[in-house]
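Asks: The residues making up each chain are set out below.
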Amino acid sequence: MRTKIIIFTLCLLLFPLGLLFYKVNYLNLSILPQKVDDSWHFHLTIKPRNKDTAKFPLPKAYHGLKITDEKIVSDNSEIIVENQSDSHLASWKNLGEVKTGILYSAKIDIDPVVYKTFHKDYTQVYPRTYQKYLKVGELSPEELDAIQSLERAILEGDEDKTSAIRKIFYYIDEEIRRNFGVTKIHESLFTGNGSPLVKAKIFNVMARRQKVPSRIVVGIRMPTPQEEARKQKIRFTYANEVFLNNKWIPIDTNRSYFGVRPDNFLVIHRNYDEVGKYLSKKNASYNIQIQRAKMNRFNKEVYRDEVVKSDSLVARLSLYRLPLPLQQMFSTILLIPLGTLVLAFARNLIGIPTLGIFTPIILTLFFKETSFGFGLFFFSVIVGVGILERYVLDKFYLLAVPRLSIILTFVILFMIGYTLVSVDGGFFSQKHLAFFPIVIVATNIERLSIMLAEDGLINTSKTLVGTLVIAVLGYLLFSIPSLEILMFTNPELLFTVIGLLILIGKYKGYRLSEFLRFRDLVRQKKVLEGEK
Amino acid sequence: MIFSELNRLGILGINNRVGRYILRHNKRKLYPYVDNKVLTAKLAEDWRIPTPVNHLVIKNYGTLKFLGEKIQDLDSFVIKPAKGSQGNGIIVIKEVIRTEVNGKKKIVCRRSNDKLMELDEVKHHISGILSGLYSLGGQSDEAIIQSRIEKHPIFDDYSFGGIPDIRVIVFQGYPVMSMVRLPTRSSDGRANLHQGAIGAGITLSTGLINHAVIGKKLVTHHPDTENEIRNLVLPHWRDVLDLAAKCYDMVGLGYLGADIVLTPNDGPVLLELNARPGLGIQIANLSGLVPRLELISANVNVEHDYKARVDFSMKHF
Chain Z
168 MRTKIIIFTL CLLLFPLGLL FYKVNYLNLS ILPQKVDDSW HFHLTIKPRN KDTAKFPLPK
228 AYHGLKITDE KIVSDNSEII VENQSDSHLA SWKNLGEVKT GILYSAKIDI DPVVYKTFHK
288 DYTQVYPRTY QKYLKVGELS PEELDAIQSL ERAILEGDED KTSAIRKIFY YIDEEIRRNF
348 GVTKIHESLF TGNGSPLVKA KIFNVMARRQ KVPSRIVVGI RMPTPQEEAR KQKIRFTYAN
408 EVFLNNKWIP IDTNRSYFGV RPDNFLVIHR NYDEVGKYLS KKNASYNIQI QRAKMNRFNK
468 EVYRDEVVKS DSLVARLSLY RLPLPLQQMF STILLIPLGT LVLAFARNLI GIPTLGIFTP
528 IILTLFFKET SFGFGLFFFS VIVGVGILER YVLDKFYLLA VPRLSIILTF VILFMIGYTL
588 VSVDGGFFSQ KHLAFFPIVI VATNIERLSI MLAEDGLINT SKTLVGTLVI AVLGYLLFSI
648 PSLEILMFTN PELLFTVIGL LILIGKYKGY RLSEFLRFRD LVRQKKVLEG EK
Chain C
21 MIFSELNRLG ILGINNRVGR YILRHNKRKL YPYVDNKVLT AKLAEDWRIP TPVNHLVIKN
81 YGTLKFLGEK IQDLDSFVIK PAKGSQGNGI IVIKEVIRTE VNGKKKIVCR RSNDKLMELD
141 EVKHHISGIL SGLYSLGGQS DEAIIQSRIE KHPIFDDYSF GGIPDIRVIV FQGYPVMSMV
201 RLPTRSSDGR ANLHQGAIGA GITLSTGLIN HAVIGKKLVT HHPDTENEIR NLVLPHWRDV
261 LDLAAKCYDM VGLGYLGADI VLTPNDGPVL LELNARPGLG IQIANLSGLV PRLELISANV
321 NVEHDYKARV DFSMKHF
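First to last, the protein sequences are chains Z and C. Each residue of the first sequence is one higher than the one before, counting from 168 in my numbering. Each residue of the second sequence is one higher than the one before, counting from 21 in my numbering.
Mixed in with the good hints there might be a few duds.
[To be verified] Capping the alpha-carbon separation at 20 Å, the derived lysine to any residue pairs in SDA-like fashion look like this:
| id | chain 1 | residue 1 | chain 2 | residue 2 |
| --- | --- | --- | --- | --- |
| 1 | Z | K378 | Z | G426 |
| 2 | Z | K693 | C | H45 |
| 3 | Z | K562 | C | I127 |
| 4 | Z | K673 | C | H45 |
[Unchecked claim] Reference excerpt, derived from the structure (chain C facing chain Z, CB under 8 Å, subset only):
| id | residue |
| --- | --- |
| 5 | L26 |
| 6 | G33 |
| 7 | I34 |
| 8 | N35 |
| 9 | D140 |
| 10 | H144 |
| 11 | L153 |
| 12 | K236 |
For the record, the hints were derived by calculation from the structure and aren't laboratory data. Don't be surprised by glycine CBs; every beta carbon is placed ideally from N, CA and C.
Go ahead and model the full structure; you've got the sequences and the hints to work with.
Replies: Here you go:
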């Protein structure tokens, strides 16, 4: 009997793993769908002014920037995209009257760039092609004066290039406040105010004067959700790049980044010197629209295609073939067995008392369906109602079922009240599953109030805390997105869960709580043995 | 391993109790005979095992209307849920006060803790029992109006309030371990260990108290009567064990807890049976169940009648 159980359990544990191995190695499926970060729908409309030909920079894919579904639409123009080494420059020739302008759209996916260590840099010689990044342009006497006095103030003159760049960065980043009205270098340095462009210019000039190749990057900062909601106008902004230790290091004095380019900054062009003139209003007017693409954290669609293509029995049994609402339901339902695993562990191995057997899991589902904060709040309200009920309804001598129904009705009244009061429509937006725990939680009130009367406050509190602890543990487990997707992608793992449950079920050893329960017994026994 | 001491003392844990003893030796279909006290009482009658008299079994709400008439001959009684556990839902009425107000009969009941209960309150409590408030798993239930048992005078010096009961754990018909639960003031006169009653371990061979605990703490004297508990010698001890061992023949559950009370006149009376007896008895006896259970496992003889089995237990434990 014992060996049979062991073999059976082993099969349950190993079968899903075998299937997983088969899927990965023979069907070439990924274990998890590809992770997708936020991506963006990017639209740029350009209207050239009074010119037959014009140019405008367009984003170009690089390592860390993925551009897909690129489209250029124009009514009457011929467009050529010049492929420069670092950027794209579109130029067009108008064949007729331009009405709607030129529309560029693409889907954009940005990865952040992060450099962590910066070594000292004493480079003297740079490639010939980098000479353009070292040329300090013409400066007016006032500008030169202002820059020289700043250099005297912050630089010692004998530091390496990395340290010098850092000092320049800190000064411009911290001492010059953003002010779109100040666009001249010397004014900016005197007043401590400056537009994003002038800040980038100051940095650029000062870096080049230290013989560090430097360039101004034209870019766009992706809107925050609030800005998106406000439909705030999006404009080009500016940052810098410097060439240190053979790498172009991103620097942004407008948003305080040194060696970091966050994933919300889209590079349009890497050399302002070349495209500055095209961006001016005299050349063209432009309009940028960006929407956050609402995507899962995991790209289920891609995986679905992958599964369907594999054309095997596994593909036919995959949950990815279900319609989306069913998929969502199952991805939650598949977590429940994992919750029971936590519950079984907590009850049988640790010995945490709970109110009812599955109440913690139902509570966990409730947390997940609504939110942790609300779930906890609601649970406390239920407990409160349970205690009140003892005092109020008890005096009416009502039969139990109507009494329970009254409590349930009160709970629903409370929910209506809450939903009406809360501004954003409460928690009921299409969350049908939430009804299910409510009924069950409500029936627990009676059990709770009896417990209070018979086992006292301390024992009841222990049980309540135990229930909550397991519910919270379950909630933490349920909040791991890759776990949810793993179960959904490979539901055969449920057999592993069954196998583990059998192992817990066969455990005959002590519970952790029994160590505490019998601790005094052991101690007293030892004392008695010592007396003998 | 933090459990090595527990192992050494042979303490039975919950998982072990369920997995190795209850699931293996207690057939599920036999549970109703212990979980439902009405069935237990009927079975006991057939087996001539003494139990308290059930005056009345209330099965539906309609009967409640006539409760006043049905209890008119009773001076005291106990209300119990048929499927209750751990003493939940039990109310002891020690006096029924009958008065006449403006020509109308009025009944007030005095509980064992001297609280007064109107007849309506009693009915409300019973309807709670019927709808399953106190039953295992919450199914609808029946309420029993049972005769109140008198306390054996030997316990007068060792208990406060209610009636002490003797728990005997019986494994495959052999008594394994025993304790007596002595009510205290802090247990509200109830023989419930969780609420602060004394658990006093009894040596099976002699019927003498070996240790006594309140909660987890060793005690030597009853906190209310201040008498030394070790001086208590249980009368009719052999009869108590015989009765417990007979219960195995009666219900056929291999792992069983028998709750027995001593009455002044009739000797030991079976109060109720339990298919999942608790583990606190080990604390009261300051010793583990496992070695005893294993000794019995190794020596089980199906030919033995209850007397032979009790002889075995009294010899070894």
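Asks: Does each hint hold? Answer for all of them.
Replies: Status of each hint after checking the structure:
1. Z:K378 / Z:G426: holds, 19 Å
2. Z:K693 / C:H45: Violated, because 33 Å separates the two Cα atoms, which is more than 20 Å.
3. Z:K562 / C:I127: Holds, because 19 Å separates the two Cα atoms, which is no more than 20 Å.
4. Z:K673 / C:H45: holds, 16 Å
5. L26: At 6 Å from the nearest chain Z Cβ, L26 (chain C) passes the 8 Å test, so the hint holds.
6. G33: holds, 4 Å
7. I34: holds, 6 Å
8. N35: holds, 5 Å
9. D140: holds, 6 Å
10. H144: Where the cut-off is 8 Å and the nearest Cβ of chain Z is about 4 Å from H144 (chain C), the hint holds.
11. L153: holds, 6 Å
12. K236: holds, 4 Å
Hint violations for this structure: number 2 only, all remaining hints satisfied.
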